[in-house]
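> So the chains spell out like this:
Number of protein chains: 2
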Amino acid sequence: MIKARVTVTLKNGVLDPQGKAIEGALGALGFEGVGQVRQGKVFDLEVEGSDKAKAESDLKAMCEKLLANTVIENYTISIA
Amino acid sequence: MIKARVTVTLKNGVLDPQGKAIEGALGALGFEGVGQVRQGKVFDLEVEGSDKAKAESDLKAMCEKLLANTVIENYTISIA
Chain Y
295 MIKARVTVTL KNGVLDPQGK AIEGALGALG FEGVGQVRQG KVFDLEVEGS DKAKAESDLK
355 AMCEKLLANT VIENYTISIA
Chain B
295 MIKARVTVTL KNGVLDPQGK AIEGALGALG FEGVGQVRQG KVFDLEVEGS DKAKAESDLK
355 AMCEKLLANT VIENYTISIA
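Which chain is which? The protein sequence lines are Y and B, in order. Residue 295 is where the first sequence starts when you use this note's numbering, and the numbers rise one by one after that. Residue 295 is where the second sequence starts when you use this note's numbering, and the numbers rise one by one after that.
There's no promise every hint is true.
Note that the list lumps identical chains together, so a pair holds whenever it fits in one copy or between two copies.
[What the hints assert, rightly or not] Heads up, simulated DSS-like pairs for lysine-lysine below, C-alpha to C-alpha not over 25 angstroms straight-line: (1) 297 / 335; (2) 348 / 297; (3) 359 / 314; (4) 335 / 305; (5) 314 / 297.
Calculated directly from the structure, the hints in this document are not laboratory data.
All chains should be modelled from the sequences, with the hints used to inform the complete structure.
Right under this line is the structure:
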């Protein structure tokens, strides 16, 4: 059993209204000095087997097909 | 300027219907051997100043107050 974490973040230049809202909310709560906030997603997956290279290529395919929208998002895969 | 990443994940035992849906979708796409999938959130923040200890305590307060629901979620802070 391989545990992996996939992190999906918006590409630079893509507007992030959710991040902007968090920025505003942090300011309203009195947190000063907070610059840009950007929100992304994280997926913790369990993959059967013990072949890390195969797991990584499978995870890459999962990101391309489902987990990330590669037009506007980047993804990183880290295998524990 | 300090860059930090906050990762918010569901605590063990908390149901994650979104993760379950992704699990089902990956199976439907033909990816076999995918076990549990859990989805979380990631926040990339920029904090002004250069005092990492202060930034970390500020970020902890932000997590407790806004970024995470500590009843059902865990958070981790990593400062670049």
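> Output the numbers, in ascending order, of every earlier hint that fails for this structure.
No numbers; nothing is violated.
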